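Trainee: For chain A, the structure is supplied; the task is to place chain B with the ligands on it using the hints.
Chains as they are written, first to last, in this note's numbering: chain A, 60 to 168; chain B, 38 to 441.
Honestly, the hints are just simulated from the structure, not real lab data.
Because the structure is a prediction, the values reported are computed rather than measured.
Take these hints with a grain of salt, some might be off.
[Unchecked claim] Label pairs and their in silico Cβ distance ranges:
#1 A:Glu85 with B:Arg278: 36 to 46 Å
#2 A:Glu85 with B:Lys249: 18 to 28 Å
#3 A:Phe131 with B:Ala255: 25 to 35 Å
#4 A:Ser88 with B:Arg293: 55 to 65 Å
#5 B:Lys249 with A:Phe138: 26 to 36 Å
#6 B:Gln224 with A:Glu85: 58 to 68 Å
#7 B:Thr252 with A:Asp166: 21 to 31 Å
[Unchecked claim] Derived lysine to any residue pairs resembling SDA-like cross-links, with alpha carbons at most 20 Å apart:
#8 A:Lys64 with B:Thr252
#9 A:Lys64 with B:Asp257
#10 B:Lys249 with A:Leu76
Built from N, CA and C at the ideal position, the CB exists for glycine as well.
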Amino acid sequence: MTTLKTWQELPHGGVILEAGSAAKYETGSWRTWKPITHRENCIHCLACWEYCPEDAIVLEDGIDHAGATRKFVKEVNYFHCKGCGLCVRECPVNKEGKAVALGFVRDEV
Amino acid sequence: MSNLTTGKPKIVPITGAGACAQAMRQINPDVVAAFPITPSTQIVEDFSTFVANGQVDTEFVTVESEHSAMSACIGASAAGGRVMTATSSAGMAYMWELLYVAASMRQPVLMSLVNRALTGPINIHCDHSDSMGARDAGWIQLYSETNQEAYDNLVMAARIAEHPDVRLPLMVCQDGFIISHSIQTMQLEDDKAVKAFVGPHLPYHSILDTAKPVTWGALDLQDYYIEHKRGQEQGMRNALRVIQEVSDDFAKTFGRQYNLFEDYRLEDAEIVLVAINSVAGEIKEVIDELRTKGEKVGLLKIRSFRPFPYEQIGQALSNAKIVTVLDRSASFGAHGPLFTEISTAVYNYASGRPLLMGHTFGLGGRELTLRHIEHVISESRICLDKGEVGNRQGMWLNVRGDKS
Ligand code: SF4
Ligand code: SF4
Chain A
60 MTTLKTWQEL
70 PHGGVILEAG
80 SAAKYETGSW
90 RTWKPITHRE
100 NCIHCLACWE
110 YCPEDAIVLE
120 DGIDHAGATR
130 KFVKEVNYFH
140 CKGCGLCVRE
150 CPVNKEGKAV
160 ALGFVRDEV
Chain B
38 MSNLTTGKPK
48 IVPITGAGAC
58 AQAMRQINPD
68 VVAAFPITPS
78 TQIVEDFSTF
88 VANGQVDTEF
98 VTVESEHSAM
108 SACIGASAAG
118 GRVMTATSSA
128 GMAYMWELLY
138 VAASMRQPVL
148 MSLVNRALTG
158 PINIHCDHSD
168 SMGARDAGWI
178 QLYSETNQEA
188 YDNLVMAARI
198 AEHPDVRLPL
208 MVCQDGFIIS
218 HSIQTMQLED
228 DKAVKAFVGP
238 HLPYHSILDT
248 AKPVTWGALD
258 LQDYYIEHKR
268 GQEQGMRNAL
278 RVIQEVSDDF
288 AKTFGRQYNL
298 FEDYRLEDAE
308 IVLVAINSVA
318 GEIKEVIDEL
328 RTKGEKVGLL
338 KIRSFRPFPY
348 EQIGQALSNA
358 KIVTVLDRSA
368 SFGAHGPLFT
378 EISTAVYNYA
388 SGRPLLMGHT
398 FGLGGRELTL
408 RHIEHVISES
418 RICLDKGEVG
428 NRQGMWLNVR
438 GDKS
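Chain A on its own, in the form it takes in the complex (with noise of 0.2 Å):
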C-alpha cells in the first residue's frame, strides 16, 4: 500500500514527474469479478495477454511442441487486474464453448 501525500506535497496542476508511475497504480483494487487461469485447457495463443487493458497477464517463456523457445500464459496479476472480463470475453478456447480457458468468478475481496 502506498502512502498517499497531501495537496503540499504534490506538484501543480496534477504533473506527473515519474514515468511509468501508472505501474503503482492499483486498479485491481476497481475488481468485483476476478478472471481464473485453467492451464490445462490452455492454448497459449496469447489473445488475452493482448487485450488485456491493464497488462496483466502475465507471460513465462516455456518450450513448445517443435521445440522452440516462446510465450506462455502464467498466471494474472491481480494487483493491476481490474476485472473488466476482456480476455475472458476474447479467449477462443472459451468462444468455443467445449472447455474453460479462463474462468470468471466473484471475487470475495
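Mentor: Below, chain B with the ligands alone, put in the same frame as chain A:
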C-alpha cells in the same frame, strides 16, 4: 523594430482593444491562439498585423474555433511557452470546458476578455454575463474601468499568473464597445520598460523537455482529485498577495497605483455604490457632483473579482450606512454575483452593519446614464432614512415596465 520604441512613455489616443493589442506586442508572447469575435476582434486583428510585420516573434495559431484556441493555448503553455489569447461572450462560452482544464492544469494562460452579453436573444453589446458565468472556472479575473487600466492589467498579468505560488490562468476584462471601441488618450509605456517589467517566462515541467519526460492531464480519481483542487484553491488564495505585490512594483516602475479594489471617496461615505468596469467612470462623475451638495457618497470599484478580497472589502465597507451594488449580469432566480459576494464580505468582515441593496443594470448594452445613477443614490438615501431596503431590493434599472 517598433516605431513606438522611444525610450519614453507616450500619450496616445487609442481604443481599449487597441491598447490590449499593444500590451500583447510589448509582452511578445511565445504563442497566441485566437479566433476573432466581436467586440474583441480588433485585438486579434492588430496583433496579427504585428506578427505579419515581424514586430513580434510569436507563433500565431489561427484556429478554427475558440474551443481549439484554448486547447492550443493549454498545449503551448504545457510545452513551456508564454501564451495569450483574446475573446468575448459566446467565444469564451465555447472555451468553457477548457477554461477549467487550463486552471486545473495550472497553466498561466493570459486572456484579454472584452465583456459582451451572452446570446439569447442575440446581442453583441456589453454586459458581464460572459466573465461572471466563468467566475468558478478557476481563472484570476481583473476588471478594468478604462483602456489605461485594461492595458496596465495586461502588463501586470504575466507576473501574477506565472508566479510560482500562483500558476493560474488570468483574464483581463474590459467593457465591450464602451471601452474596447472608444478612443481615449492613455499612457503607453516604453517597449523596453514593459519587457523589463514583465521579465522572462519560466517554464514549468515542459512537455518538450525530453530529458525529463512528464505526464500532463492524467486521470485523477477519488484518491487525489480533491487534493489537486485544494492546491488549485491555494494558488487563488496566494494570488491575493501576489496581485498586490506586482501592483505595488508596477506603481514603483510606472507610477500608477492599483489595489485589489479602488476606493473612491469612501472615507466618510454613508452611501457606497459598488460596481465593476466602465460604469465606475460615470459613478465617480455623479459622486463628485453630489459631494458638492453635501451628500456623503462614495464608490468601491472591483478590480480583482477572482480571487475576491472579502476581508479587505468588508473592512472598507465597515463605516458605510448603505451599500448599493450594481450588477451588470443576472443570475436568474438569485441575486447578482457581485451582490452576493459583497453581502458575504460585509456579513463576515465588516465591523458595521450597513443596509445592503442590489440592482441589475445594463444587460445587452443598455445604458445607465448620470441621471439613473443619481436616482440610485437618492433612492439609497431614502432607504437609509427609512432604515430598510424593502421592495427596492433586486430592482432592475432602466427597464421599461419596471419603476426604477
Ligand atoms: S479481467 Fe480485464 S484486466 Fe483482468 S486480466 Fe482480464 S482483461 Fe486484464
Ligand atoms: S486467450 Fe485463452 S487460450 Fe489464449 S492464452 Fe489466453 S487463456 Fe490461453
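Trainee: Would you mind marking each hint as holding or not holding in the structure?
Mentor: Hint check results:
no., hint, verdict
1, A:Glu85 with B:Arg278: 36 to 46 Å, "39 Å, holds"
2, A:Glu85 with B:Lys249: 18 to 28 Å, "26 Å, holds"
3, A:Phe131 with B:Ala255: 25 to 35 Å, "33 Å, holds"
4, A:Ser88 with B:Arg293: 55 to 65 Å, "56 Å, holds"
5, B:Lys249 with A:Phe138: 26 to 36 Å, "27 Å, holds"
6, B:Gln224 with A:Glu85: 58 to 68 Å, "60 Å, holds"
7, B:Thr252 with A:Asp166: 21 to 31 Å, "29 Å, holds"
8, A:Lys64 with B:Thr252, "18 Å, holds"
9, A:Lys64 with B:Asp257, "13 Å, holds"
10, B:Lys249 with A:Leu76, "8 Å, holds"
Of the numbered hints given earlier, the model fails none.
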